[in-house]
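K.L.:
For chain D, the structure is supplied; the task is to place chain S on it using the hints.
Number of protein chains: 2
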Amino acid sequence: MTQRDAKIGIVGGAGPYAGLDLAQKLLQQTIAKTDQDYLPTLLISTPGLIEDRTDFLLGVNENNPADAIYNNLRDLEKLGATVAGIACNTAHAPEIRNVFLEKLKNSKSKLKLVDMISETADFLSNACPEVNIVGVLSTIGTWKAGFYPTLLEKYGFNVITLNEKEQQHLHNEALFNPLYGIKVQAYPVSAQAREALIEGVNNLKKKGAQAIILGCTEIPIGIPERVLGNTYCVDPGLVLARTLIREFCNEKLLPWNWNEK
Amino acid sequence: MTQRDAKIGIVGGAGPYAGLDLAQKLLQQTIAKTDQDYLPTLLISTPGLIEDRTDFLLGVNENNPADAIYNNLRDLEKLGATVAGIACNTAHAPEIRNVFLEKLKNSKSKLKLVDMISETADFLSNACPEVNIVGVLSTIGTWKAGFYPTLLEKYGFNVITLNEKEQQHLHNEALFNPLYGIKVQAYPVSAQAREALIEGVNNLKKKGAQAIILGCTEIPIGIPERVLGNTYCVDPGLVLARTLIREFCNEKLLPWNWNEK
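Just so you know, the sequences run in chain order D and S.
Each residue of the first sequence is one higher than the one before, counting from 181 in this note's numbering.
Each residue of the second sequence is one higher than the one before, counting from 181 in this note's numbering.
Note that these hints are calculated values from the structure, not bench results.
Note that CB positions come from ideal geometry on N, CA and C, so glycine has one too.
Be a bit skeptical, because a hint or two may be false.
Claimed, not checked - Derived CB-CB ranges, DEER-like:
#1 D/LYS432 <-> S/CYS308: 41 to 47 Å
#2 D/LEU238 <-> S/PRO435: 33 to 39 Å
#3 D/LYS334 <-> S/GLU375: 49 to 55 Å
#4 S/TYR335 <-> D/ARG184: 39 to 45 Å
#5 D/LEU408 <-> S/ARG254: 45 to 51 Å
#6 S/TYR335 <-> D/CYS308: 32 to 38 Å
#7 D/TRP436 <-> S/GLY228: 20 to 26 Å
#8 S/LEU434 <-> D/ASN243: 25 to 31 Å
#9 S/SER305 <-> D/LEU408: 48 to 54 Å
#10 S/VAL407 <-> D/GLY409: 50 to 56 Å
#11 D/LYS345 <-> S/VAL407: 41 to 47 Å
#12 D/ARG184 <-> S/ASN352: 28 to 34 Å
In isolation and in its complexed conformation, chain D is listed as follows (with noise of 0.2 Å):
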């Protein structure tokens, strides 16, 4: 592999949607005015051999996601990634994560693996100087996980959740549901979903949140705003495209802006 063989990796299809979520949000957020201004990408969905992330962490399933990540992470690596971010909050559970990152970590990969994770309690530190009390929304594996109530108290944030019949309403209705959820219908999301995602962000509200994480890379594509009345919208998926791009060809970067959608 040469330096012009050097690619941008995503790990998609887990969802599927949200692969392409992260895709389109790295075209979003570069400096380009035409197709060879952009980044060289490669995006990799193997979504019928990574197992549901949240059945995994509540003991559904016992087979751990965290195999196939790995393979698609080497596949990705094989043709020329350098730098490479894996569009799914909840596969950055410590149980899925510390998996795959031993086995990339013995296979001696030189791979840069962005963690979406602390990449977002980073920018929420420094785009969001103001705000203490962060509310994360997510599906009910992410909840269950508590990985980032954890590490954004590490941060000196005060976190806010839903509480258990609110979670599962919400990763019942927004994201599963089988006939509306963002799951099977992404563009447009339906008003149902929409409906629940926003109900939601409400209770986090009341609760007094000043930022909501959206901490499933399904939920931004329901709530496309990066600010609603006064509260701060984080999508971790974009701030993990700004990254990559950040770590690839910083100067492709675009400025960041609150006003934008």
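P.N.:
This is chain S only, laid out in the frame that chain D set:
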């Protein structure tokens, strides 16, 4: 590579949004209820290495984009692609296509490369049996290369294209305008780009077109309708997505429906 590694390959990057659009159509045309139901896919996008297709066809640039496309196809095959498509109409001009086909043949590639143009002509024959007069909207490169009219006439269609002034206007305004063309602003498409596209459609309708081929992968981003008034709008990217699914796993292909968007 095993059966388990088999994937659908997409050559994107020409342009980058067209590659994503094809990947999105693959998802939308798949029968799926969960993440795991979607098909394994690999999208490669090296836009900086693929010279502008129209510039090559017009002689503005003598570097044939076929070489980069061939490299992309080989890379896709290395990671398991068994069937692949190229998300660019203009790259199907014989001056480009014959070169990468020859290289593929010489390399003993086993990849099944779908031909978007002949699949589109097949689709028109099968899905619009009452249509005789077909219009084509495209880049000026595809317009000059003339491969759509040549092929469609072989299928027995009468073919209508824009005159040079209309064609140049469509190319410059809807696709390549540096401020609002779809090449720089695709989601959402600007009002100006949409207007230039609709003007193109109306010009072809006035000349009698009963069906219009949206013959540049960016055009259907601005005209997502499958029918406008009483005119069929045929999106070769959508046809390509459906053909890739058919070739890879036919039972997952959604039935065709003219009424969807």
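K.L.:
Hint by hint, note whether the structure agrees.
P.N.:
A quick look at each hint next to the structure:
Between D/LYS432 and S/CYS308 the beta carbons are some 43 Å apart, a value that agrees with the proposed interval 41 to 47 Å. As the Cβ distance of D/LEU238 to S/PRO435 is approximately 35 Å, the hint placing it in 33 to 39 Å holds. A C-beta distance of roughly 52 Å is found between D/LYS334 and S/GLU375, which places it inside the suggested range of 49 to 55 Å. Taking 39 to 45 Å as the suggested C-beta distance range, the pair S/TYR335 and D/ARG184 conforms, at roughly 41 Å.
In this structure the hint that D/LEU408 and S/ARG254 lie 45 to 51 Å apart at CB holds, the actual value being about 46 Å. Range check, S/TYR335 to D/CYS308: Cβ separation about 59 Å, and the 32 to 38 Å hint is violated. Taking 20 to 26 Å as the suggested C-beta distance range, the pair D/TRP436 and S/GLY228 conforms, at roughly 24 Å. The supplied range of 25 to 31 Å is met by S/LEU434 and D/ASN243, whose beta-carbon atoms lie about 29 Å from each other.
Separated by about 50 Å at the C-beta atoms, S/SER305 and D/LEU408 satisfy the suggested range of 48 to 54 Å. For S/VAL407 paired with D/GLY409, a C-beta distance near 40 Å fails the hint of 50 to 56 Å. In this structure the hint that D/LYS345 and S/VAL407 lie 41 to 47 Å apart at CB holds, the actual value being about 45 Å. Checked against the given bound of 28 to 34 Å, the beta carbons of D/ARG184 and S/ASN352, roughly 31 Å apart, stay inside it.
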